[in-house]
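4 is the number of the first residue of the sequence shown in the working numbering; add one for each residue after it.
The hints are simulated quantities; they were obtained by calculation from the structure and are not laboratory data.
The beta carbon of each residue, even a glycine, is placed where N, CA and C say it ideally should be.
Hints should not be assumed to be uniformly reliable.
If you anchor each label on the Cβ, the simulated ranges turn out as follows [what the hints assert, rightly or not]:
#1 16 - 59: 29 to 37 Å
#2 38 - 58: 30 to 38 Å
#3 28 - 66: 29 to 37 Å
#4 59 - 39: 27 to 35 Å
#5 58 - 16: 28 to 36 Å
#6 46 - 76: 29 to 37 Å
#7 15 - 58: 29 to 37 Å
#8 60 - 39: 26 to 34 Å
#9 41 - 65: 17 to 25 Å
#10 15 - 57: 16 to 24 Å
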Amino acid sequence: MRDRVTGTRGHAVPQHVWVCVTGRWSEQSPGLLLEWRRRGDAWEALAVWVSGGGIRAWDVRQGWVSAAHVRRRE
Numbered sequence: 004m005r006d007r008v009t010g011t012r013g014h015a016v017p018q019h020v021w022v023c024v025t026g027r028w029s030e031q032s033p034g035l036l037l038e039w040r041r042r043g044d045a046w047e048a049l050a051v052w053v054s055g056g057g058i059r060a061w062d063v064r065q066g067w068v069s070a071a072h073v074r075r076r077e
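Please model the entire structure based on the sequences and the hints provided.
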């Protein structure tokens with residue numbers, strides 16, 4: 004696969020996204036989408052995101068999440 008932005012093959016340029024692993028989008032966290040993969044009939048995103056702030060300490064997470072848990076930041 005050729006990246007339309009860089010013209011290189013392989014991994015795409017990271018994109019800013021919202022990640023919500025709880026299913027409650029009012030609790031979305033800012034993150035970076037690093038890569039997509041297909042698992043059976045479903046897509047998964049490799050993402051890095053942060054949660055916390057305010058009265059909670061910041062927590063950095065990284066992992067494969069369902070495509071339903073990732074939205075593009077606009």
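Each hint, compared with the structure:
1. For residue 16 and residue 59, the Cβ-Cβ distance of about 31 Å falls inside the hinted range of 29 to 37 Å, so the restraint holds.
2. A hinted range of 30 to 38 Å for the beta carbons of residue 38 and residue 58 is consistent with their spacing of about 33 Å.
3. Distance hint check: the CB atoms of residue 28 and residue 66 are about 19 Å apart, inconsistent with the given range 29 to 37 Å.
4. Hint check: residue 59 to residue 39, Cβ distance near 30 Å, so the stated range 27 to 35 Å holds.
5. A hinted range of 28 to 36 Å holds for the C-beta pair residue 58 and residue 16, which are about 35 Å apart.
6. Under the hint 29 to 37 Å, the C-beta atoms of residue 46 and residue 76, about 18 Å apart, miss the expected range.
7. Take residue 15 and residue 58: their Cβ atoms lie about 36 Å apart, and the range 29 to 37 Å holds.
8. A hinted range of 26 to 34 Å holds for the C-beta pair residue 60 and residue 39, which are about 30 Å apart.
9. Between residue 41 and residue 65, the C-beta spacing of about 20 Å keeps the proposed range 17 to 25 Å intact.
10. As the Cβ distance of residue 15 to residue 57 is approximately 32 Å, the hint placing it in 16 to 24 Å is violated.
Comparing the model with each numbered hint stated earlier shows that hints 3, 6 and 10 do not hold.
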